[in-house]
Amino acid sequence: MGKISIKTIVAIGIGAAVFVILARFVALPTGIPNTTIQTAYAFLALMAVVFGPIAGGLIGFIGHTLTDATAYGSVWWSWVFVSLFIGFFIGLVANKINIDSGILGAKQIITFNIIQAIVQAIGWGLLAPALDVLIYAEPANKVFVQGAVAGISNIITVGVIGTILLIAYAKTRSQSNSLSKE
Amino acid sequence: MKKPIIEFSNFTFKYRSQTEPTLVDINLKIYEGEKVLIVGPSGSGKSTLAHCINGLVPFSYKGDIHGSLLIKDKESKDMDIFSISKLVGTVLQDPDGQFIGLSVGEDIAFALENDEVSQEHMTRQVVDVSKLVGMEENIESSIHQLSGGQKQRVSLGGVMVDQVDILLFDEPLANLDPATGKLAISLIDRVQKETDTTVIIIEHRLEDVLHSDVDRIIVVDDGRIVSDSTPDELLSSTVLESSDIREPLYIKALKYAGCAITAEMNPSHLNTLKLDDCKNKLIQWFEATTQNEINEKASPILVLEDVTFGYEQSKNNIHNISFSVNKGEMVSIVGKNGAGKSTLSKLICGFEKVKSGRILFNGEDITKDTIHERSQRIGMVMQNPNQMISKHMIVDEVALGLVMRGVPENEIKERVEKTLKVCGLYPFRNWPISALSFGQKKRVTIASILVLNPEVLILDEPTAGQDFRHYTEIMEFLVELNHNGVTIIMITHDMHLMLEYTPHAIAITDGRIIADSSAVDVITNDTVIEKANLKKTSLFDLAVKAGIGNPKEFVTRFISFDKEVRKNGSGNAFIY
Amino acid sequence: MAAEMLSYIERKSPIHDLSGVTKLIIFLMWSTAAMLTYDTRVLLFLLVMSITVFIISKISIRDIAFVLIFILSFLLLNNIAIYIFSPQEGVKIYGTSHVLFEIAGRYNVTLEQLFYQLNITLKYFVVIPAALLFIVTTHPSEFAASLNRIGINYKIAFSVSLALRYIPDIQRDFRTIAQSQQARGIDLSGNEKLLKRAKNATSIIMPLILSSLDRIEVISNALELRGFGKNKKRTWYSAKQLKRADYITVLMGGIILIVSLVITFHDGSRFYNPFN
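Protein chains in written order, with UniProt numbering: chain B, 1 to 182; chain S, 1 to 576; chain W, 1 to 276.
Hints may contain errors.
Unchecked claim - In silico BS3-like links for lysine-lysine, alpha-carbon gap of 27 Å or less:
(1) B:Lys171 - S:Lys14
(2) W:Lys196 - B:Lys107
(3) W:Lys230 - S:Lys86
(4) S:Lys441 - W:Lys199
Since the hints were derived computationally from the structure, they do not count as laboratory data. Source: prediction; values computed, not measured.
Chain B on its own, in the form it takes in the complex (with noise of 0.2 Å):
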């Protein structure tokens, strides 16, 4: 833990901020009642991939646990902890797409998404309703459908929010000393 640079440091706080910000004020109405587009979670998976893992799971779990405890002032841990949980294992894909080196092309964007597809179908699906029958004895039935609404919802979200912006990104890293007026 000691190794981690100040800028990793400097994400994870940023991030976390913009989390609470994107949780708070840029969840999409999908016109299911109950489900909305969570923009912050395209943000997770960005960030994740950008600042690798441990910023990632720390993003996912202070930024979750602040968006709880300033709307709702409680902190649901079963979900905050399937926060921590997806930006640490779609962190773990950073060193494979590199985005930096502004390169992204069609190998990256499907590795990317298969894995954001398992991770958060795991956190969403498995965890989170485990968690929440573990510790508040919910009926298992609801806990799990939440789960895969939440999850389907999300894994639609990063997959195409998420890949926008990862797209996005690379190409503000790209080289561009190849540059002419035309």
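Following the hints, position chains S and W against chain B.
The following block gives chains S and W in isolation, referenced to the frame of chain B:
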């Protein structure tokens, strides 16, 4: 002779990501207890020079170093950033980035916390330092209650607490209103005298820094030191003009009057300046110059009637504001930080809803119109272009607003191309925006609003952070737009801008209008200057000093003369 | 856009005087107790304690009304959802079925289901005052110091304090960006198709991300220039000294946690069953 504390010898630095070195063969000695100003246009390498002194180069920004840089007799590249930070305290340009604590005390204590100083000692040292920077009343205050000037005081306190030998200020005036900037310069001066530190200031607002004495001015251009002299020597040379740095206005006036400026005249300060035979030249020039402005009466395009607004129910930020802007005008809105200038522009664009009062556009009440409806007529360009840009390519960014409005594709193409040509961006149209300079990005954001054909364009600090060349480019571009019929309203702290470009100025303090008149009237009125945190132009004082009976008229004639000179190119500057 | 953020509320009270570390430990113990137990007697006891502490803190209901409304509506929806998905959950847990009245099919109302749902609601109610109090009575400056004190790496603790410091700034950035994009016709409301809306959202998120990345750069430089991270440890200007009241509070909290766990688990089940 004092000992050198910083010594560059044959120093060259190249960033790892670049092909050309940013600093070339720098030889520079700065002595203990000196106060040195480093000036230079954007991209000249002056910030890199600062980064070399505080250790960000090469420890955060990697690259190749040739030659040597000694700080207190130690080779800097053999030290680490932490030991350099014990010697050099840096106050960064952006107080919001530098101020990392939640309260004043906490932020000042930051460096001590990292040194594991005990709480008891920390509390004592924080009190001492906060007295030095004049913040002892606010130790408990939260960051969000402070003004820009106060934040900067705290930033200074935060580096003073380390008892550094060298204080480095990176563009300390960039975010401050004129009066606060003046205070900041005096504070730096006082702190230096009390603590006997070496002070290095990087800034391009030369006239404002010269408010207090500096020992030497280093001019950097294109990675090299082009001048290293006393202020008096520098102002009597031609270095400033050739390096695109703005001369103090009183110097420019003297040059227009045909005075040869010499170091013996003490030109670095208006108070100490010896006018002698220049006095007559100035008077002659004043009498020979006429004002050739024709004030045509135009119809009002934007009218505010008794507008009141508050972010909270119980408190109002804008009180009964009424004013009128005529078609084809160029207007500036000035006032101290937090006076309500930005809020006012948001009300005009409909970003916020007025509590009471009316807003009229061409005589039609638009108070109830939505953001979208108003955006057809009034365009708003934000201060920070990074807050507006969301596309990768310039053409896409400029087209965005039209695409959103569902304009047919061929029309989009035509309008975007036309706008890009007007904005001088056409040659770059297929470039990624990330490859552009800050000033070019600003143009992109202006283009992206302009393409929607607004009749009124509001710009928030259009020239903030720009050097003289870019400033002139942007402003001349806006003048051209203005001639094509766009009414332009600018929110600004820049007194030069207001004086040179906007005949009409509105000054705001605490959400109320305190002056709505000509720019010259505003900037020569002591009451308004004091209330709105402005600064009197040195032209006025020069005229008083020369014994010209009507100093206000002198300012007016200077501005109109200056405009002619610029219009005809600087070649005619000395002919009258 | 008027969504409020819960934050520190300045008052003079014994709860405010406690160190942030104490409150953090109590909050964690309290949450643990409430998470693990399903024993109605323990929950009721904890609830009474919570409310008492809340009154001592001099925080009024008005201060936190907007959050309370949020939570209450969440609990109501959650209870309805539980009943719809699993009307026989109580019967399953307590093993008996005292039917009050029938509705249709498997949907009837039993004492067991009511009691089970009462317990779930109680669990939430026990945690809410503790969490709320922790948030509104601990000065944000103290957060990082407290986290570091209970053993969390100081750099990570500091990143929490950075987040708290910059949330208002980023909220302001966001507002500015959203407004200027709206003026160009970008619409996030329900008038657009979902995919279009998602694309529109990126035109707001992207500038926010890019300006935040700039911010990260500037702040990293500032931290580095001010010696952050040079040592293995650091001290905290805003840390509160632990006083006698702190030790007593933590001790009492520990006793309550242990006693409630003993009562809960001594019969081998976390549920208190009044039906046997």
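Do the hints match the structure? See the list:
1. B:Lys171 - S:Lys14: OK: lysine 171 of chain B and lysine 14 of chain S at ~25 Å, within 27 Å.
2. W:Lys196 - B:Lys107: With Cα atoms ~26 Å apart, lysine 196 of chain W and lysine 107 of chain B stay inside 27 Å; holds.
3. W:Lys230 - S:Lys86: Within the cut-off at roughly 12 Å; holds.
4. S:Lys441 - W:Lys199: Distance of about 22 Å is within 27 Å: holds.
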